[in-house]
Amino acid sequence: MIFNSVTYIIFLFLVVLLYWVLPRKPRQVLLFVSSIIFYGLWRFEYTLLVLVSAINDYGISILIDKTSNSKRKKGLLIFSLVFNLGLLVYFKYLMFLTTNAISLLNLFGLEITPLEFSIILPLGISFYTFQTISYTVDVYRGFLKPYRNFFLYGSYVTFFPQLVAGPILRAKEVIEQLSIRPEFKLSYISDGVIRILIGLFLKVVITDNIAPMVDEIYLMEVSKLSAIDVWTKAFLFGFQIYFDFSAYSHIAIGSAMLMGIQFPENFNYPYLAKSFKAFWKRWHISLSSWIRDYLYLPLLGEKVQDKSTGGISVSKSSKKGNTNRALFLTWAIMGLWHGASWAFVFWGVYHATLILLERFVAKHNSLKGKIRSFLGWIIVFPLAMLSWLPFRDNSLVNVFKMFKKVLIFEGGLNRSFSENVYLITFLLTILVILSYLTYSYLLPILKRNIFAYGLFLIIVITFLTALDLTFLRPISQFIYFQF
Amino acid sequence: MLSKETRNNSFLFVCTLVGVIFGLAVMSSYENKTDFGDAALGKGTVSYFHKDKSGNSIHFLPKNSYNDFLNGLSIYSSYPKILFLGNSQSHSINQKELNDNTLTGYLYESFISDSILFFASSIPNANLQEHYLLSQFFFDSISNIETLLLPVFFDDFREDGIRESYFGDFSKSLYQIAENNSLAKRINSKLEIWQQKIKSNSNDTTASIENNDFTALNKTTQDVVERKLNDVLYRKFNFWQNRQQIRGEFFTTLYLSRNTAFGISAQTTRKKITSRYLKNKETLSLIINSCKKRDINLILIIPPLRTDIKYPYDESEYSQFKEYVNSFTLNGIHVLDLEDIVEPEYWGYSSPTQLFQTKDYDFMHFQVEGHKVFADTILDVSQNLNNDI
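In the order they appear, the protein sequences are chains A and B.
Mapping to numbering that gives the first Met the number 0: the first sequence position 52 is 51, numbers consecutive.
Mapping to numbering that gives the first Met the number 0: the second sequence position 336 is 335, numbers consecutive.
Simulated from the structure, these hints should not be mistaken for laboratory data.
Keep in mind that a hint or two might mislead.
Quick list of in silico lysine to any residue cross-link-like pairs, SDA-like style, CA-CA up to 20 Å [said to hold, decoys possible]: (1) A:223 <-> B:276; (2) B:3 <-> A:447; (3) B:3 <-> A:445; (4) B:3 <-> A:186; (5) A:184 <-> B:5; (6) B:196 <-> A:449; (7) B:280 <-> B:316; (8) A:446 <-> B:2; (9) B:218 <-> A:45; (10) B:270 <-> A:419; (11) A:223 <-> A:410; (12) B:218 <-> A:46; (13) B:271 <-> A:419; (14) B:196 <-> A:211; (15) B:3 <-> A:449; (16) B:292 <-> B:332; (17) B:218 <-> A:474; (18) B:189 <-> A:214; (19) A:446 <-> B:16; (20) B:270 <-> A:421; (21) B:271 <-> A:225; (22) B:171 <-> B:67; (23) B:189 <-> A:219; (24) A:446 <-> B:5; (25) B:3 <-> A:453; (26) B:3 <-> A:454; (27) B:3 <-> A:223; (28) A:184 <-> B:10.
Chain B with its partners taken away, still in its complex shape (with noise of 0.2 Å):
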């Protein structure tokens, strides 16, 4: 007979032993694959970036290869060029059909009748410091830049710093910003470091799993272990493949969880985060000198704002921020205010914001007739600014 303290162990231990392969068992059966970069973007909500007709990229997203973006560019070395800085509003349409494209789309098919080259680069939630970063990574590596249009978003001036999301791979290029000033250091090094990383990951093999993973071997012997077990793993389970789409949905019920319980919603009042306010203001001053020294044409955008309803915005810190934006007329630059273009009905849903929802209002992205209206007013004003543009 086996005494009350083993038969309690032996019960915990069986315990024990069903809660791991339950757990095991949970990954294991994960089927949704949802594709994390669109799902911010709302079920409705499509990243496009449009290609010439030889299938060349104008758009780039920095995720993907410099490389070819710049090879695929090559052609129109001779043309006089137009480059766009924009975040995900300029590549994402809702409600997509076939044949739809993005503002940049319509706006390179436009310009290119006339021999000037059009070309973008977004990223979701781009904030001016990364924006400084791609203009000088463009005017240094592409030649006849004569017009950077740059939509300034008050929604990204909450944003702050340069994402390896974005920029580690691009780090590869080997680009340094050549201005001397503290945040091109700043963002010098960080390139270098991911630079560095990149480096001690080449001689990975195990192309399946995401090099960042291993950051904390660097090099070590166990690295080399570590990686080909991961290997196998990922070869042989399922929910070792699965892993990354548990990671996405376990952060999207966070996020909903947390807008659930305090109540916050697309409408939500998004404050203004002074002290990264003011490090985009400054950045932007960076911007606009750079365009000043290399004789660049800068024509600042108030980007599209959906106003039927109540935007997420304090008001006076927005009216501010758009006096600000518009202060710039006084040095030369020209500021577009694009506020109203887009007519409400264009407009479409984000995925849900809260729990137990099935969408919320998009304050963002809109339909491709927004961004017909979009791509239409810039030709407009560039026909009227003559050779301005």
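The following block holds chain A by itself, in its conformation from the complex (with noise of 0.2 Å):
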């Protein structure tokens, strides 16, 4: 089931709906049971995948749990990540890997026909898979107990708010709320609606109305555009990704909290950071901190966080391991994350070799205050956009093409597109910063008075209903879908 749609909200209505009334463990029921109802909606045999995913680990982190013997539980560990990793390669990787073997034994003179597959992509396996490991993992590293209550456990695998596209959740940021009942609050309702709202606009008014734009300047040839337009199509999908993944996110949030669950936040104004680091502690927060306790301090042996903070940084103190070769292996595989494709391990090594020339500038830089931030940012923002062409561009040459046309101004501000396209990417570059300042500062004065606050609640919610409604339809899945 996809959010921007009425039949989600009506279903997510029943759902919190029945959610107050039940007692604690029949609640537990309902929310597996409606989470598999949300998937099946979108292929009912596929949700048998996420039960056998979620089943294995069940016994696995039971199993891992009751050994004493090391190797065993090693063994079983091992045997997790396989069987996880090995759905995840068929579904998602087995076409890219063969063709690329395939392409390579060509070029020793072998002749092999390209094998033709028709594998679909089940929705949301790269976010469920990411969240079964971290559970067994948990279990192995003795941070969890392993749940035997099968239909808490799976609720926390499969509660639909986050299983098709996050946040990532760990165990313990999650299954403690589903096994207590909260007490019912007015303010689950509100905020959640808000979010809920907020949600619907970023996705249903702002992105489904810039896509078409976005697929038409990246249809046309590279070869006629300028270094201005090469930005501008760098920044406008840089924005579409941003709301359209931002969008779920508060979606799925909200709908969470209309049952009192906090889930942890995914996006904290990104495109303000100030540096790479900070960059990856705003942006997709639980998948960066994910990759940070599950590959790359693993990778330099280094102790992990066990919180989904955000970021992928390393203790001062770290002499362990080769950082650089941790460091880019981790993003070249947090490319291939979102993609079997060669662009997404570009755009991997790309912001790896961002992350790495800040550290060395880090050491020899003197500046500080708000002269460092301010430059932070612009040189940040800027080239956090960039990265964004091999992700809708797909193609390698004409990534190449186009970062050649930035580096020598190719084209200088000769424009290719109608000027309604530079605007609309100018103003929405206005308007992160406007609701930035709106979020830090407007709102907070305007709490200090509560009926101030409320007449601003209602003049905004009422703008929000009317546009979101207006425009609900679901004409567009969300972009993060398809990773």
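Using the hints, put the two chains back together into the complex; each one sits in its own frame.
Here it is, written out as structure tokens:
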């Protein structure tokens, strides 16, 4: 089921209503069953896959907990990893791997005809696989006792607000909340509704309306574009993917909030970050912290952090392992997580390079205070936007051509798109800055006077409701569904 | 006694509820029933597509049924034919009176008496790629087309691509351009995609909603549920019926706000967009070559332009454009320069282009007298060219 639909609104209303009416145990059954229905409304047969993945880690984590033999524990963990990653490789990377293998063999003169596959990528597989892996690894690490109540555990893996596109949740962050019966508070409903309205606004009013524009400019021949066109392409898609994905996270967080369940935040104004390190503490926070704790820090032999606070950083005292090699490997995998293509690997390596450069510059940078922050933002914002080119284009040849245009300022300021494209890109930049200022400065002032804040809420919610319902149409999926 | 936190939470809950109710009330109370198809033309300007005495359309808008149009023309199968491809100028009349006709209507009535069929197709802001698709479609579907009349607007050289809003439904014709060039391939694949989309939506019984609204559901179980729910909402609730209108109003307000903020009016210079301009030039060459191959007489028209006030083009860019179109005479193509034929008093006004404005100058559409002059000039030229037309 997709969020930007009438079906979801009615489904959510019914689930929330039942949730607050039912006692504790039936609530867990309700969440599990409704999550299966939620997923099944996409393709029912694929719910089996989610269940198999969940049952596998349910059983293995109990076995890990039972055994005191460390070799056997490790063996069970490896089995779980091979099983989960095997599913991911089969559904997501098989075509990529075989196509590349065949191309390689053809280079050596072996003529092999390309294989044809018709594999449908199960919705959200990258997300729920990471979630089940983290559960088993946490049990193995001793961070967590496995849960015997299958409905409780199953609700954690399949919980519908986050099942398809995150946030990727740690068991510790959610299961305890699912296991208790929170007392009903009106603030859950008002806070949840506001988050959902904001999310729908970002998706159905902004993203869905700029999507045709992005499609059009990415269809244009790269050779005909100037440097300003390439920048505009990068920025406009940068805004599209940000609004689209943060919209999903807002709706996910808001939906959970309606049931009194708190999810960790997944975005925090990433485009206002003053360093790349900060950018990754603000963008897709649950993924970057997952990668840090389950890949990067283990590669370095460092102590993991066990919390979704984002950022891929390593303690300053770290002397273990080869930090740079681990950094590049982690980022290449992070790129591949998004999609089976070399363009995504390039995206990852691009970010790894920027982080490495930043670490180097930071050692020699004597600037301090606001000047440093402002200069940081001026550099990070456009370079982060530029990284979206391989994300959207997928042809590395085109990506290199576009980077070259930017570097040598080819074609200068010659325009190839209609004026509206440049104008909307500019206005979206302003919108991001204004929304940050509103959130950080205006809202705290308004909140000092409950009546002023209430009036502000009424006006904003009136507009959001009218616009969201006016534009609510499942015309496009969320971009992160394809990852 | 309730705690302060509980009181505040209750108050904010009420505010949220009130906001949601107000939002729904705003939508329900919306009453403006503007036809956004004609809104850009201005209140005094209407679209008119001429029909013959039997009620068959002789002026085709690609949004309408291509099948009905072709069937209607089948009674003229033995006639020699003239095809006119234009933009909204050819199907819009300023301050239209009851029996006023467009230039295509007048030309049809004049030519038909000589047993020549004049027929037309037009789309607002049509670019050359769209003209290319339509010309190929008509050349392949209708016999005896001897002449193509093609007005080339400097304005339309700023446009790009085949628009789904006009050609999405047309893709049902299963038509594919037979020529082998990269543009034809691109257009064909677009038509195929739209055709697939229509196929996947063909089981829909909820005619009240636009099929495009469900693209993301793509045959999933939710698709069925969503359509049913939409249909129920559409039938039962005002606010749901008003959605399309409100969307139109929203975009119009955005457009007017943009123009007001940046001081954009109908007279603001519209600069050439180089890559689109070049693409349209390349496409015009394809149309010319296609006409040559098929032995179809092509007449390019530099269309009427309002010259009593400053026109919205960069002077040097516009004169280069005219030079470019005129240069085709060297290749044996007739080029008609009709720039000055419509007198200033025959031009009208368009919708306001800014907030707090009632009207603005119209540089594209004229009153019925303009249509008559246009049609008469074509007829004069056709007589001068004797058998060329």
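Status of each hint after checking the structure:
| no. | hint | verdict |
| --- | --- | --- |
| 1 | A:223 <-> B:276 | holds (11 Å) |
| 2 | B:3 <-> A:447 | holds (13 Å) |
| 3 | B:3 <-> A:445 | holds (17 Å) |
| 4 | B:3 <-> A:186 | holds (13 Å) |
| 5 | A:184 <-> B:5 | holds (8 Å) |
| 6 | B:196 <-> A:449 | violated (50 Å) |
| 7 | B:280 <-> B:316 | holds (14 Å) |
| 8 | A:446 <-> B:2 | holds (17 Å) |
| 9 | B:218 <-> A:45 | holds (15 Å) |
| 10 | B:270 <-> A:419 | holds (13 Å) |
| 11 | A:223 <-> A:410 | holds (9 Å) |
| 12 | B:218 <-> A:46 | holds (17 Å) |
| 13 | B:271 <-> A:419 | holds (14 Å) |
| 14 | B:196 <-> A:211 | holds (16 Å) |
| 15 | B:3 <-> A:449 | holds (11 Å) |
| 16 | B:292 <-> B:332 | holds (14 Å) |
| 17 | B:218 <-> A:474 | holds (13 Å) |
| 18 | B:189 <-> A:214 | holds (13 Å) |
| 19 | A:446 <-> B:16 | holds (18 Å) |
| 20 | B:270 <-> A:421 | holds (14 Å) |
| 21 | B:271 <-> A:225 | holds (15 Å) |
| 22 | B:171 <-> B:67 | holds (13 Å) |
| 23 | B:189 <-> A:219 | holds (14 Å) |
| 24 | A:446 <-> B:5 | holds (15 Å) |
| 25 | B:3 <-> A:453 | holds (15 Å) |
| 26 | B:3 <-> A:454 | holds (18 Å) |
| 27 | B:3 <-> A:223 | violated (63 Å) |
| 28 | A:184 <-> B:10 | holds (12 Å) |
Of the numbered hints listed earlier, those contradicted by the structure are 6, 27.
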